[in-house]
Each structure stands twice: as C-alpha cells, then as structure tokens.
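Protein chains in written order, with the working numbering: chain U, 226 to 366; chain D, 24 to 108; chain H, 2 to 593.
Treat the hints as calculated values from the structure; they're not laboratory data. One should not assume that every hint holds.
Label pairs and their calculated CB-CB ranges [said to hold, decoys possible]:
1. H:572 x U:231: 23 to 33 Å
2. H:571 x U:239: 40 to 50 Å
3. H:31 x D:103: 54 to 64 Å
4. D:55 x H:161: 39 to 49 Å
5. D:26 x H:29: 52 to 62 Å
6. H:105 x D:102: 18 to 28 Å
7. H:205 x U:280: 25 to 35 Å
Going by beta-carbon spacing under 7 Å, a handful of chain H positions derived as facing chain D [claimed, not checked]:
8. 27
9. 60
10. 61
11. 65
12. 132
13. 183
14. 210
C-beta atoms are modelled at their ideal positions from N, C-alpha and C, and glycine is treated no differently.
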Amino acid sequence: MRKTDVVDVAARKLAPYMFLFGLYLVSYGDISPGGGFQGGVVVASGVILLAMAKGSRAVAAYFPLHSLSLAETVGFALILAAAIAGLLMGAGFLADIVAPTGALRSITNAPFAFVMNILIGLKVGAGVSLICLTLFGESGP
Amino acid sequence: MRRVVEIIAVLVVSLILALALSGEHPRQTETKEAIVENGLADTGARNLVTSVYLGYRAFDTFGETIVLLVSVSGVIYFLSKGGKS
Amino acid sequence: MNLSDPVLLIALPLAGSLISLVGKLLKREIVPCIAASVLVALSAVPLTVQAATVFAGSVLSSQLGGWGPPVGIGLRMDALAWIASAMIVGIGSVVLLSSFAGGEYRSRYFFFATILISGMQMVTLTDDIFTMFVGFEIIAIAAYLLIGFDQTDAGLLASLKYLILSTVGVLFFLIGVFLVYRDVGSLSISGIATAVRESGLANSRSIHLAVATLCVGIGVRTAFIPFHTWLPEAHAYAPHPVSALLSGVLIKVSLFAMLRILRTFEATYLNEMLLWIGGLTAIVSVVVALSQSDLKRLLAYHSISQMGYILAAFGAASAASYTGLYAHAVGHGLFKSLLFLAAGEIIHVTGTRNVYEMRPIGRSHPYLATMLIVGALSIAAIPPFVGFVSKQLATGAVGTPAVSYLLWATSVGTVASFVKVGRVALPGQQLASGGASREQGQAQQGSPLHDESFVNDNTSGGDRSTRIAPPSAIAMAILATACIAAGIYGERLAVSLSGILAGGGHDAAVEVEATRHAGADTTSYEPSDLYKGRKLLETLLIAALGAAVYALATSKRGHTITERISAIRPQLGSVLLFFVAGLSLFALFAYV
Numbered sequence: 226m227r228k229t230d231v232v233d234v235a236a237r238k239l240a241p242y243m244f245l246f247g248l249y250l251v252s253y254g255d256i257s258p259g260g261g262f263q264g265g266v267v268v269a270s271g272v273i274l275l276a277m278a279k280g281s282r283a284v285a286a287y288f289p290l291h292s293l294s295l296a297e298t299v300g301f302a303l304i305l306a307a308a309i310a311g312l313l314m315g316a317g318f319l320a321d322i323v324a325p326t327g328a329l330r331s332i333t334n335a336p337f338a339f340v341m342n343i344l345i346g347l348k349v350g351a352g353v354s355l356i357c358l359t360l361f362g363e364s365g366p
Numbered sequence: 024m025r026r027v028v029e030i031i032a033v034l035v036v037s038l039i040l041a042l043a044l045s046g047e048h049p050r051q052t053e054t055k056e057a058i059v060e061n062g063l064a065d066t067g068a069r070n071l072v073t074s075v076y077l078g079y080r081a082f083d084t085f086g087e088t089i090v091l092l093v094s095v096s097g098v099i100y101f102l103s104k105g106g107k108s
Numbered sequence: 002m003n004l005s006d007p008v009l010l011i012a013l014p015l016a017g018s019l020i021s022l023v024g025k026l027l028k029r030e031i032v033p034c035i036a037a038s039v040l041v042a043l044s045a046v047p048l049t050v051q052a053a054t055v056f057a058g059s060v061l062s063s064q065l066g067g068w069g070p071p072v073g074i075g076l077r078m079d080a081l082a083w084i085a086s087a088m089i090v091g092i093g094s095v096v097l098l099s100s101f102a103g104g105e106y107r108s109r110y111f112f113f114a115t116i117l118i119s120g121m122q123m124v125t126l127t128d129d130i131f132t133m134f135v136g137f138e139i140i141a142i143a144a145y146l147l148i149g150f151d152q153t154d155a156g157l158l159a160s161l162k163y164l165i166l167s168t169v170g171v172l173f174f175l176i177g178v179f180l181v182y183r184d185v186g187s188l189s190i191s192g193i194a195t196a197v198r199e200s201g202l203a204n205s206r207s208i209h210l211a212v213a214t215l216c217v218g219i220g221v222r223t224a225f226i227p228f229h230t231w232l233p234e235a236h237a238y239a240p241h242p243v244s245a246l247l248s249g250v251l252i253k254v255s256l257f258a259m260l261r262i263l264r265t266f267e268a269t270y271l272n273e274m275l276l277w278i279g280g281l282t283a284i285v286s287v288v289v290a291l292s293q294s295d296l297k298r299l300l301a302y303h304s305i306s307q308m309g310y311i312l313a314a315f316g317a318a319s320a321a322s323y324t325g326l327y328a329h330a331v332g333h334g335l336f337k338s339l340l341f342l343a344a345g346e347i348i349h350v351t352g353t354r355n356v357y358e359m360r361p362i363g364r365s366h367p368y369l370a371t372m373l374i375v376g377a378l379s380i381a382a383i384p385p386f387v388g389f390v391s392k393q394l395a396t397g398a399v400g401t402p403a404v405s406y407l408l409w410a411t412s413v414g415t416v417a418s419f420v421k422v423g424r425v426a427l428p429g430q431q432l433a434s435g436g437a438s439r440e441q442g443q444a445q446q447g448s449p450l451h452d453e454s455f456v457n458d459n460t461s462g463g464d465r466s467t468r469i470a471p472p473s474a475i476a477m478a479i480l481a482t483a484c485i486a487a488g489i490y491g492e493r494l495a496v497s498l499s500g501i502l503a504g505g506g507h508d509a510a511v512e513v514e515a516t517r518h519a520g521a522d523t524t525s526y527e528p529s530d531l532y533k534g535r536k537l538l539e540t541l542l543i544a545a546l547g548a549a550v551y552a553l554a555t556s557k558r559g560h561t562i563t564e565r566i567s568a569i570r571p572q573l574g575s576v577l578l579f580f581v582a583g584l585s586l587f588a589l590f591a592y593v
C-alpha cells in the first residue's frame with residue numbers, strides 16, 4: 226500500500242482520540258456501555274491505525290513489543306491474584322472482594338468491577354496490539 | 024459433483040438451524056428479573072451488563088481472558104520461531 | 002481456604018501457568034517448569050480431601066464468586082466428576098514429568114500444558130453449560146498450540162485442521178447453549194435437569210435439536226465416527242507427551258461432558274444410535290489401525306477404536322455398562338498414555354516412525370521394551386493387565402448381540418495390530434541399520450513388503466543418542482505400575498466402582514435411567530466373575546485369532562489391501578462434510 230500524507234495526518238490526529246475513547250470505555254464500563262474488552266480493543270485499534278500509517282517499526286518504538294507482552298502478563302497475573310485473594314479470604318474464587326459502596330457516586334460505586342475493567346482493558350489492549358504488531362512484522366503492512 | 028455435495032451440505036445445516044430457531048417459545052424471564060432486581064445492589068454496577076460479566080459471571084470473563092492470553096502467546100511463539108522446517 | 006472446594010483444582014494449574022508465563026523472563030527456565038508441574042501435582046491434595054465426601058455419596062458444590070444459580074456459576078463435584086478429575090491430575094502430572102526428558106520443552110510449553118489441564122478441569126467440574134463452552138474454547142486453543150508445538154509441517158497442518166474443526170464444533174455448542182437458555186431460562190446444569198424433569202421439556206423438539214447441536218459440538222472433541230477425522234493426524238504428529246495427554250485424557254474429558262449433557266436432558270432416545278456408532282467406530286478404526294505403518298498413527302486410530310467401546314457401553318445404558326464405561330475410560334487413559342510415551346521413546350531410539358522399519362529393541366533397551374509390552378498387553382486385553390478388566394466390563398455389558406460381535410471382532414483386530422507393534426520389543430539381534438532388521442522381519446513372515454517408504458534406507462538407527470531420560474523412564478514406570486496394579490486388583494476396583502455408580506453421588510437422571518433399564522438388564526452383573534475360566538478361554542481365542550489376522554494382514558494380498566486403506570487421508574473439505582453428516586444424523590434423531 227502506498228502511504229500518503231492524508232493517511233499519515235489523519236492517523237496521527239485520530240489516534241489520540243481513539244486512545245481517549247478507549248480509556249473512557251474502560252474506566253466507565255460499570256456505569257455506561259463499554260468495559261474492559263471493548264475499551265481495550267478500541268485502544269488497540271488506535272495502535273493498529275498508527276502502525277498502518279507509520280509502519281509497525283515506528284510504532285514499536287513507542288509501544289515496544291516486550292513491554293506490551295509484559296503488560297499482558299502483568300494484567301493476567303493481577304486478575305489471577307485478585308481471584309485467588311477472594312479464595313483465600315473465604316469469599317470464593319473471583320468474588321467481589323471490594324464490596325460495593327452504598328451511595329451512587331459519579332465515577333464508580335463498584336470498585337471491584339472498576340479495577341477488573343482496568344486490568345482487562347490493559348490485558349486486552351496490550352494483547353490485541355501485540356498480535357497485530359507481530360503479524361505486521363518488522364516491515365509493517 | 025463435489026460442489027453439489029457441498030451445496031447440499033450447506034443447505035442441510037441451514038435447514039437444521041432454521042428448524043431449531045423457528046417456532047413458538049415462551050419467554051423465560053426468571054434470570055432476567057433476578058438480574059434487574061438485584062444487579063445494582065449486589066455488584067454496584069449501574070450498567071447491568073457489567074454486573075453480569077464482572078459480577079455474577081466473572082469466571083466466564085476470566086476464562087475468555089485466558090483464551091486471549093493463550094492466543095497472543097501462541098501467535099508470538101509461532102511467528103517468532105518462524106517454523107523450524 | 003477450604004480444601005474441599007473444587008475450584009482449587011482449576012486454580013492450582015492456573016497458578017502453575019502463571020508461574021511458567023513469568024518464568025519465561027527468568028534465566029533458568031527449568032525452575033518455573035518444575036514449579037508449575039508441582040502445582041498441578043498438588044491438586045492431588047484437594048482431590049484426596051474430597052474423595053471421602055464424594056465417595057460417601059454426597060456432592061461437593063461451590064459457587065464461584067459467591068453467586069449462586071440461576072445467575073451465578075456453580076461447580077459441582079460428584080463421584081464421576083472426581084474420577085475424571087483424578088484422571089486429569091494423575092495422567093496430567095505424569096505427562097508433565099515426562100516432558101522434562103530431553104529438555105526441549107521450556108516454559109512456554111508448560112504454560113500451554115497447564116492451561117490445557119485447567120481447561121479440562123473447568124469442563125469436568127462446571128455446573129454451567131456456558132462455562133463448559135468457555136472451557137472447551139480454552140482446550141481448543143491450548144491443544145492447537147500444543148499439537149503444533151514442534152513446528153513440523155505435518156504437526157502444523159494437523160493442528161490447523163484440529164483448530165478449524167473444533168472451532169466449528171464449539172460454535173454449534175454455543176448455538177446449543179442458546180437454544181437451551183431460550184427454552185429453559187437457566188444455564189446451570191442441575192437447574193436444567195430439574196426443569197427438564199418437571200416440565201416435560203425432555204420431549205420437546207427444540208430441546209432435542211439443542212441436544213443435537215451440543216452433542217455435535219462435543220462430538221468433535223470426542224472423535225467418534227463421523228467426527229474422528231482430525232484425530233489420527235493431530236495425535237500422531239503432536240509432540241509425544243502431548244499425544245499421551247490428548248489421547249489419554251482429553252478425549253475422555255469431552256466424552257464425560259457429553260454423557261453429562263445427555264443425562265441432563267434425559268436423551269435416552271439417542272442410546273440406540275450411540276450404541277451402533279460405538280460399535281462401528283470400534284470396528285472401522287481398528288481395521289484402519291491395522292493397516293497403518295506409522296507407529297503413532299496406529300496408536301491414534303486405536304484411540305478412536307477404544308472410544309468406540311466406551312460409547313457402545315454408554316449406549317447400552319445399564320448400570321453394568323456405566324461401570325464398564327468408566328472403567329474402560331480410566332483404563333484406556335492409563336495404557337494409551339503409556340503406549341504414546343513408549344512410542345515416543347522408541348521413535349527416538351530407532352530413528353523411524355515406521356513399524357516395519359524398526360529394529361527390535363528387546364536386547365538393546367530391555368526397559369523400554371518391557372514398557373511397550375505392558376502397554377500392548379493392556380490394550381490387547383490380556384490378563385492380568387488393566388485392559389482385560391476394563392474391556393471385559395465394557396463389552397460384557399453390551400446386550401445387543403450384533404454390537405457385541407462388532408466389539409468382539411474389534412478385540413481380535415486390536416490383538417493383531419499389537420502383535421505388529423509388539424514385534425519391536427522382541428530381543429532381536431542388534432543391527433546397525435534398520436534395513437537389515439526389516440529383511441529379517443520379512444524373512445520371518447515370508448512376505449515381501451515393498452513400498453517406497455519402506456525402501457528408504459535408515460542408517461541413522463545405530464548411532465543416535467539412545468539413552469532414555471530418567472523423567473520419561475519414571476513416568477512410564479508409574480503408568481505401567483498403574484496398569485498392572487489396576488489389572489490385578491481389577492475385580493475389587495470394579496466392585497467398588499459399580500458401588501459408587503449404584504449408590505448415589507451422581508446425577509439423579511442416572512438413577513431414573515438405570516431403573517428404567519432395570520427390566521432390560523436381566524442378566525445380573527457380577528464383576529467378580531472376571532477371572533473365571535470362560536473369559537480366559539475367550540481371551541485365548543481372541544489372541545489366537547488376532548495372531549491369525551496379523552498373519553493375514555501381512556500376507557501379500559493383505560498387504561495390498563492395508564496399503565489401500567492407509568492411503569485414505571481425508572482432506573479438509575471432506576472433514577467438514579463428515580461433520581455435516583454427523584450433525585444431520587443427530588438432528589434426524591430429534592425427529593424420530
């Protein structure tokens with residue numbers, strides 16, 4: 226594919242908004258439509274858009290593959306740790322160990338779901354970006 | 024000949040699925056009502072979808088994240104080695 | 002933390018997988034691998050704690066995250082789930098142990114393997130059909146990566162075929178889950194069982210179609226005909242320990258899941274069909290197995306054939322046949338993983354996969370030869386090995402004469418096939434090249450085996466590193482001991498197994514079914530008859546016939562026939578057509 230300035234500029238202007246929207250979906254997942262999976266994929270699609278415009282090598286400078294891999298591992302480790310913590314506390318595997326607050330608040334009143342959404346968002350965003358960047362290879366699409 | 028067999032196979036599968044999906048089915052609302060009634064109080068999530076996938080059925084979500092994790096790991100493994108033979 | 006919580010069996014392998022995932026970052030990769038395997042083996046502790054309760058007839062259940070049905074997910078462990086779970090832990094740990102041999106499998110392999118093990122535990126223990134779907138997804142992706150792990154061309158192709166077919170299968174399973182939820186309004190298996198019993202849904206057509214799609218989805222994993230097409234290649238070209246895990250455990254886990262679904266929906270109308278499918282699966286695949294020259298392909302076809310026995314025992318639907326089903330599932334798990342591990346070592350030692358080219362290893366590797374012989378005698382159902390007991394239990398309970406003749410013929414074929422394999426273990430002369438021993442083998446049979454693949458000279462046979470690594474040797478020893486012990490104490494084990502099956506600790510639907518079939522099951526069943534004279538004579542006859550069939554199959558004319566059979570390799574398109582045929586068959590029964 227021949228790269229043009231239009232693609233380049235559009236991608237650079239659009240990507241930050243995609244990241245922002247993705248982060249919004251992740252962090253407000255328990256209040257409005259969205260959640261970790263959806264938000265994570267939107268963030269990843271921002272990365273993919275950049276990779277398609279600038280080449281995956283350039284993007285990999287900002288998102289090194291090994292740190293994406295690390296982020297995914299850490300996300301999984303923390304989710305599993307939370308799950309096992311619930312088990313150790315006697316509440317059950319993957320139980321809601323941070324009980325919901327009574328009053329409705331503007332950010333979240335489901336702390337457990339909030340944290341899980343962020344962890345899943347991290348994991349999914351890193352994972353999907355990693356798959357695509359690896360598939361694009363060194364040279365880019 | 025082979026094409027004909029394949030077309031018949033696709034038609035058969037469509038027929039089976041169409042038969043399975045058609046017909047009168049009384050609505051089962053017990054689970055839905057339980058979620059609508061208790062979702063916010065139980066999990067604190069105002070988005071009831073979240074109350075299901077991170078509250079009541081968090082384990083399934085956890086399973087799906089494992090699927091994604093394994094897929095990513097597999098893609099990296101298969102592509103980085105580039106095939107030994 | 003409560004040791005009797007079944008979720009520990011899922012959490013421990015997952016913790017192991019996390020350790021091996023993090024372990025990639027460490028320099029010494031062996032440490033996390035050992036830690037992961039130890040965590041899997043540690044599942045034996047909760048299993049032992051749970052055994053007492055479960056065998057007393059009560060059911061251990063756990064609500065994941067504290068949310069109960071109908072919205073939450075429950076786990077449920079009864080005696081049958083305990084057996085399956087113990088198989089996963091036992092054979093899984095042994096296979097992980099054997100994976101340390103050679104040192105070629107590192108933390109990523111252990112990551113996939115532990116994920117596969119926890120996925121199997123998830124399918125076994127869950128009380129929720131959607132979680133079962135998730136478990137099958139995890140199994141599919143982990144097994145796919147393990148099958149292709151060595152990145153050989155054949156392995157990658159086989160794994161791709163497995164991935165495509167199992168994904169199609171799991172999609173149909175998902176459709177089935179949707180159909181069930183639409184009509185029942187619950188995903189919990191015990192909830193469904195109650196609803197089906199009370200509301201008469203068991204006879205509704207849409208539930209029958211749902212059962213058909215669910216069974217087709219699991220059928221792909223269970224690999225009975227016509228869903229068997231992926232198995233021979235996947236199990237043959239996977240890394241050796243993975244073959245042992247897939248053949249020994251994975252297909253049984255899927256089968257148990259299918260039985261659970263069938264019982265939940267009281268789908269007794271399928272029994273007759275499953276009986277026949279079982280019989281046909283057994284005989285057809287043993288014929289194909291007999292014509293294979295690739296050692297692992299041969300073993301893979303025998304796996305399908307043995308699944309036929311198990312399925313036929315389920316179709317017979319009596320208390321006795323359920324005992325046989327579980328006995329043979331466990332027995333086959335033991336001896337087939339032993340055979341695959343031994344086959345892996347033999348392929349390594351002789352440098353060829355071709356049975357006809359292998360030089361006899363009896364003198365050079367007596368230990369390995371013994372292991373092979375134990376496995377071969379077990380699968381050929383020779384007393385006092387476990388295969389004898391379990392196969393007697395499974396076939397003895399099949400009441401339909403035609404099907405029992407099919408199974409009888411299958412036993413003959415199995416013996417014939419393992420005479421061929423067992424030849425490798427003979428204390429033949431140690432020769433530098435496989436070619437010379439091949440000629441020797443031909444001289445014994447007096448039949449020329451002319452095939453291009455056999456003519457390839459195989460000079461590498463003598464100078465390979467041929468020492469068996471200790472982890473693999475220990476793993477095989479454990480399995481072989483289990484095979485012999487379970488054979489010797491077979492009568493006692495069979496009695497207690499039928500006691501477990503008769504005395505609660507299982508789905509209520511089984512009881513219903515067992516009483517329903519009590520009338521048909523007039524021949525009272527005595528597991529203690531096993532080692533009586535008639536059975537032994539029968540075994541002797543089967544063995545003699547088997548040897549004769551072997552002689553026939555290796556004769557000149559027999560060889561042309563077997564050549565033709567083994568040349569049949571279904572392409573991907575036909576694989577999907579087989580799948581559609583199976584789906585139509587199951588769906589047809591929804592209307593009968």
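So, going through the hints one by one against the coordinates:
| no. | hint | result |
| --- | --- | --- |
| 1 | H:572 x U:231: 23 to 33 Å | 45 Å, violated |
| 2 | H:571 x U:239: 40 to 50 Å | 48 Å, holds |
| 3 | H:31 x D:103: 54 to 64 Å | 21 Å, violated |
| 4 | D:55 x H:161: 39 to 49 Å | 40 Å, holds |
| 5 | D:26 x H:29: 52 to 62 Å | 57 Å, holds |
| 6 | H:105 x D:102: 18 to 28 Å | 20 Å, holds |
| 7 | H:205 x U:280: 25 to 35 Å | 58 Å, violated |
| 8 | 27 | 16 Å, violated |
| 9 | 60 | 19 Å, violated |
| 10 | 61 | 17 Å, violated |
| 11 | 65 | 4 Å, holds |
| 12 | 132 | 6 Å, holds |
| 13 | 183 | 6 Å, holds |
| 14 | 210 | 4 Å, holds |
When each numbered hint is compared with the structure, violations occur for hints 1, 3, 7, 8, 9 and 10.
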